[in-house]
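*Asks:* Using the sequences plus the hints, can you model the full thing?
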Amino acid sequence: MSGDHDHSHGAAELADHRGRLAIVLGITVVVLAVEVVGALMSGSLALLADAAHMLTDVAGLILGLVAAVLSRRPATAARTWGYRRAEVLGAATQAAVLLAVGVFVLVQGVRRLVAPPEVTSGVMLVFGVVGLVGNIVGLIVLVGGRGASMNLRAAFLEVLNDALGSVAVLVAAAVIATTGWLRADAVASLIIGVLIIPRTIRLLREAVDVLLESTPKGLDLGSVRRRILDVEHVHDVHDLHASLVATGLPVVSVHVIVDDTCFLDGHLTSLLDEVQGCLDSDFDVIHSTIQFESPRHAEHEFRTHA
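Quick note: the sequence shown uses numbering that gives the first Met the number 0, first residue 0, plus one each step.
Everything labelled a hint here was simulated from the structure, so no lab data went into it. Predicted, not measured: the structure shown is a model, and the values here were computed from it. Every residue gets a Cβ at the ideal spot worked out from N, C-alpha and C, and that includes glycine. Warning: the hint list may mix true and false statements.
[Claimed, not checked] Computed spacing ranges between beta-carbons, pair by pair:
id, residue 1, residue 2, range
1, Thr-119, Ile-61, 39 to 47 Å
2, Ser-222, Ala-32, 46 to 54 Å
3, Asp-229, Val-106, 55 to 63 Å
4, Val-132, Gly-18, 16 to 24 Å
*Replies:* What follows is the structure, given as structure tokens:
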């Protein structure tokens, strides 16, 4: 006997962040255009690196917006979870592109340390301010929802990295203007690259973990196993699996060996409620599938079950 503890996971359950993403996308496109003009006028690699980063942000935000739209589509017989995992695919794609940009910026920064070109610090300063203001506005729009989904957090991290990059551009412009040290531009671009890569790697790792159906962080399967074993009439637990469909949507499946009498006295219904109730209350898992088995069923299990 098995039971699927199914709370509705349709589009109505999802918070709608499409408006936030659309606003930030519009701001980012404007700032990108301004920074490209500024980089061409000033000759600044740091400003160009920040603009290149923002170009990937535009692509990432478009992906994020598309993912946000798809994730609200209802489940079907062909896609039983709907498009909830679209946000994970969007986050993974954004992270992969950001990682490539970070490496490119680091390589170019090292080259400019060796042979620094002329940079117009005044123009660089003006366009750096414009970029920072746009980034701050974008952060304000996203900050309230950054914990709601992996997709939105990816967008928030991208805009945050842009803001830090704009700060680096401004510092470099000030150093060049006051000291004439042209390598400050290359140093700023290296700082931007260093800011991009670690956060991007973490986000990419989280997205890959979801795609590989790894056990969700914070969910200890050992504790889950012990908690189920504490339930009366339970003899053993096996085939315990947990994965994350999308942000805030962990799922658990497990085979539970119980007394033979439970199949005869109608006790399985209350036992199912108890097991799934403890998964919900103790581990915040509302989607679980439980298969009850008698002790003798082990003779028919496949050897791969564990």
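*Asks:* Hints first: check each against the structure and report whether it holds.
*Replies:* Do the hints match the structure? See the list:
Range check, Thr-119 to Ile-61: about 32 Å between beta-carbon atoms, so the 39 to 47 Å window is missed. Between Ser-222 and Ala-32 the CB atoms are about 52 Å apart, so this pair conforms to the stated range of 46 to 54 Å. Taking the beta carbon of each, Asp-229 and Val-106 are about 56 Å apart, inside 55 to 63 Å as hinted. In this structure, Val-132 and Gly-18 meet the distance hint of 16 to 24 Å, their C-beta atoms being roughly 21 Å apart.
The structure fails hint 1 only (numbered hints given earlier).
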